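I would like the entire structure built from these sequences, with the hints used as guidance.
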Amino acid sequence: TQLLEQSPQFLSIQEGENLTVYCNSSSVFSSLQWYRQEPGEGPVLLVTVVTGGEVKKLKRLTFQFGDARKDSSLHITAAQPGDTGLYLCAGEEGSQGNLIFGKGTKLSVKP
Amino acid sequence: NAGVTQTPKFRVLKTGQSMTLLCAQDMNHEYMYWYRQDPGMGLRLIHYSVGEGTTAKGEVPDGYNVSRLKKQNFLLGLESAAPSQTSVYFCASSYSTGTTEAFFGQGTRLTVV
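Taken in order, these protein sequences are the chains called H and S.
If you count by my numbering, then the first sequence holds residues 3 to 113, one letter each, in order.
If you count by my numbering, then the second sequence holds residues -8 to 104, one letter each, in order.
I should point out that these hints are in silico values taken from the structure, not numbers from a laboratory.
It is possible that part of the hints are untrue.
Partial list, computed: chain S residues near chain H (C-beta under 10 angstroms) [said to hold, decoys possible]:
#	residue
1	-3
2	28
3	32
4	36
Everything numeric in this text was worked out from a predicted model, so none of it was measured.
Positions of the beta carbon are idealized from the N, C-alpha and C atoms, including for glycine.
If you want it as structure tokens, here you go:
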């Protein structure tokens, strides 16, 4: 079974700070997805990275896929309280391509 | 647009009782999934379906059954609820697998006492 490990598990920062969260595996993934989940809601897709070394930007969020396609990172610039939530990475597993999820990074951005 | 709708949103069961969680999607997706989310454990796949009339086991299938009689609906059943099944359950659907986006419902919070 492929595993996705996310770090840190919890992160509490002040508005305006920068942060990076990580998603690592010993296995190669054909693609990785990042989701954000707000309390009481289901996860919502932020981005999918497919190519090793790929960098995608979504406003203040920068996503990177490792060259070996075993890891990914999410960098947030000038965090805002609206960025608060649980950030989950997910990768495709097995022949059916089911999504497996990391345990998530719970981010709290204080005003 | 409704997307993925789960019912009920909350439920309290006594140990040994049974119940069915309903998931409905209006996006004509082939693939549907049931996950459970527990503190510190992330989302774990219970069962999934790759099309109408087909189901398969995921990572944590014990104690659950599923049915996909219609393409738009995916039912999750608990025949004899146990306290270990206290969790938040999420249904998701996708057009395909791999790089395709999975759309999630709002979740069902189930407590078994």
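Evaluated hints:
no.	hint	verdict
1	-3	holds, 8 angstroms
2	28	holds, 9 angstroms
3	32	holds, 6 angstroms
4	36	holds, 6 angstroms
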